[in-house]
Amino acid sequence: MHLQYFAATRENPMTEHKTLYAAYAATVEKALLALQTEGVLPADCSFANVAVEPPRDASHGDLATNAAMVLAKQAKTNPRALAESIAEKLDAEPSITSAEIAGPGFINLRLDPAAWLGELAAISDMGEGYGRSTMGEGRTVNVEYVSANPTGPMHMGHCRGAVVGDALASLLEFAGHKVTREYYINDAGGQVDTLARSAHLRYREALGEDIGDIPEGYYPGDYLKPIGEYLARELGDKYKEEPEEEWLPYFRAEAVEQMMALIKSDLALLGIHHDIFASEAALHAAGKPDEAEAWLRAHDLVYDGVLEAPKGKAPPDDWEPVELPLFRSTKFGDDQDRPIRKSDGKWTYFGADLAYHMQKAADADELIDIWGADHAGTVKRIKAAVAALSEGQGNPIPFDVKLVQMVQLMRGGEPVKMSKRSGNFITIADMIEEVGKDVVRFTMLTRKPEAQMEFDFAKVVEASKDNPVFYVQYAHARVKSTLRKAAEAGFAASAEDLAQLGEEEIALIRNAAQFPRIVESAAKAREAHRIAFYLYDLAAELHAFWNLGNDNPQKRFIVEQDAALTGARLFLADAIGQVIRNGLGVLGVDAVDSL
RNA sequence: GACCCCGUAGCUCAGUUGGAUAGAGCAUCAGAUUCCUAAUCUGAGGGCCGCGCGUUCGAAUCGCGCCGGGGUCACCA
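Sequential numbering from 0 applies to the first sequence in numbering that gives the first Met the number 0.
Accuracy of the hints is not assured; some may be wrong.
To be verified - Restricting the straight-line Cα-Cα distance to at most 30 Å, the calculated cross-link-like pairs of lysine-lysine (BS3-like) are:
1) K177 with K464
2) K523 with K554
3) K379 with K401
4) K436 with K458
5) K287 with K177
6) K379 with K17
7) K72 with K88
Said to hold, decoys possible - Label-pair restraints from in silico Cβ distances:
8) P103 with D589: 22 to 30 Å
9) G489 with A80: 41 to 49 Å
10) A372 with P103: 35 to 43 Å
11) E241 with G412: 26 to 34 Å
12) E245 with D592: 56 to 64 Å
None of these hints come from the bench; they were simulated from the model.
Every residue, glycine too, gets a C-beta built ideally from N, C-alpha and C.
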């Protein structure tokens, strides 16, 4: 009945303000409701697809709505006829100076300039809160991201997913969700046994033994040396010659803890902090996978069956059919049913993972996973399992897996060579040391995550307009610099004479006023990169306005002989700076005061 | 072979709950510097939105089928 658009009320609980797009969306809704009362629109018609947006071409006016086109079919009339009725109602609004019908049935609205000046004041009043939304209605969203195996420092392969996940989490928070940032520690599989053995090797090394080259099947990186030294200090030679079963659990626990400390410090360099670090081993210990299996078996979603040979290529030499507990993922479009336990009775990754998702679902209204694209093949089975379990247990939960594509590292147009074999790869710490946190974060958000991207060290540090990070930061620095200069000359931002502002300034306000709706549409689409592109546009508009002053001193922010105009322009500059700051804040990028 | 992602200007990319004449940056060409930061800006040219069919008032956007590029196809994690 009510506009979906309005479920997302823009009212800020801290102030009386409603942002401009929200206010006029409400105005349009009011007109539609009136037409419903008059019988022009049917009582049961849905306004869900009605939008109030900026028109594509600024010459069409200030705002446009597609209401007539969306509702014509339901009203059993043609769009232009319905548009007449709607436009008539809107034209009666005092702040709407004209409502014109255009094209297939758009209604273009022109506003009294005071409406835009009012929005400018709202930006200033709401400050850091400008753009925040209550759209999420406090619903809890669990965003799981990074979840790198605790077997070494974070490297480039983890970076994009980390930034994308973190920015998405912030965006959802900004849009009114309660967000839990979660990291799943895979501390129960074979790879952490390998880690423990590798640590034991370094332990022996630290005790003076010549271990020679690191053998195949061990982690070779030097980052394990300090762990070996630490264990040697703590334990002496107690476990030097002992059989593996004597020391493995202890070494594993110690090594995982040290690796997680390393990973957390790497994440901190990126400005990333998780709320929950969930342990797979603890999940096993709590018997969660057993519970899930029991339920799935009772509902015939797990059965004992023979696993098919891998498809599309010759089966491995040692392939032999074996009976395992299989989840019926083929019922959900997967190629084959997937094992939840191995032949030795231990849980597969998938078996534990489905139980893990049920654990997350217990404390959240919605789940989002951020995964690397190399795991794309396992999306169907986990979505199937979560759907089966959550719906079957009476707690259906929206669950989305976002795949993040690979990043190709470049340096001056040439691919950067990395050798994982020797443990020689580019870590996140290396990268941040070279180009800085802000550059890494912003650059990772200048492409949609599901498209592959290149990251060129030479280009991203370039301080020019070709580099979006600097372009946006420069716009903010420019605002700050102007305010500093103005203060020295005895001017200050003032809302007293906003009516002095002309068409060019209002164009800038129009752009800034879009921030709240960009936030909502980005949050709805779960796409933080839209904020980055928006900020680039806003920065471009600010630079363009600035440069009007090159030719015409009367168009500068500071006009010495006109204090009223200067006060109003500074007020505008301050507000634009605020919006840029708010947007960068969502992305986790610092807004610098000078470059 | 199957599944997932991508295909938009010479290049790098935005733009999908279906909307008006498809947008930026780079590169190319023509301009702006006694100026609050020119680390910038103004303007011009440049497009069968990979191809075909369909859905409808309307498709870059949705569906089906192709073509091209990348990824994945363990009892691994």
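Going through the hints against the structure:
{"no.": "1", "hint": "K177 with K464", "in the structure": "violated (36 Å)"}
{"no.": "2", "hint": "K523 with K554", "in the structure": "violated (39 Å)"}
{"no.": "3", "hint": "K379 with K401", "in the structure": "holds (12 Å)"}
{"no.": "4", "hint": "K436 with K458", "in the structure": "holds (15 Å)"}
{"no.": "5", "hint": "K287 with K177", "in the structure": "holds (25 Å)"}
{"no.": "6", "hint": "K379 with K17", "in the structure": "violated (42 Å)"}
{"no.": "7", "hint": "K72 with K88", "in the structure": "holds (20 Å)"}
{"no.": "8", "hint": "P103 with D589: 22 to 30 Å", "in the structure": "violated (45 Å)"}
{"no.": "9", "hint": "G489 with A80: 41 to 49 Å", "in the structure": "violated (59 Å)"}
{"no.": "10", "hint": "A372 with P103: 35 to 43 Å", "in the structure": "holds (40 Å)"}
{"no.": "11", "hint": "E241 with G412: 26 to 34 Å", "in the structure": "violated (53 Å)"}
{"no.": "12", "hint": "E245 with D592: 56 to 64 Å", "in the structure": "holds (59 Å)"}
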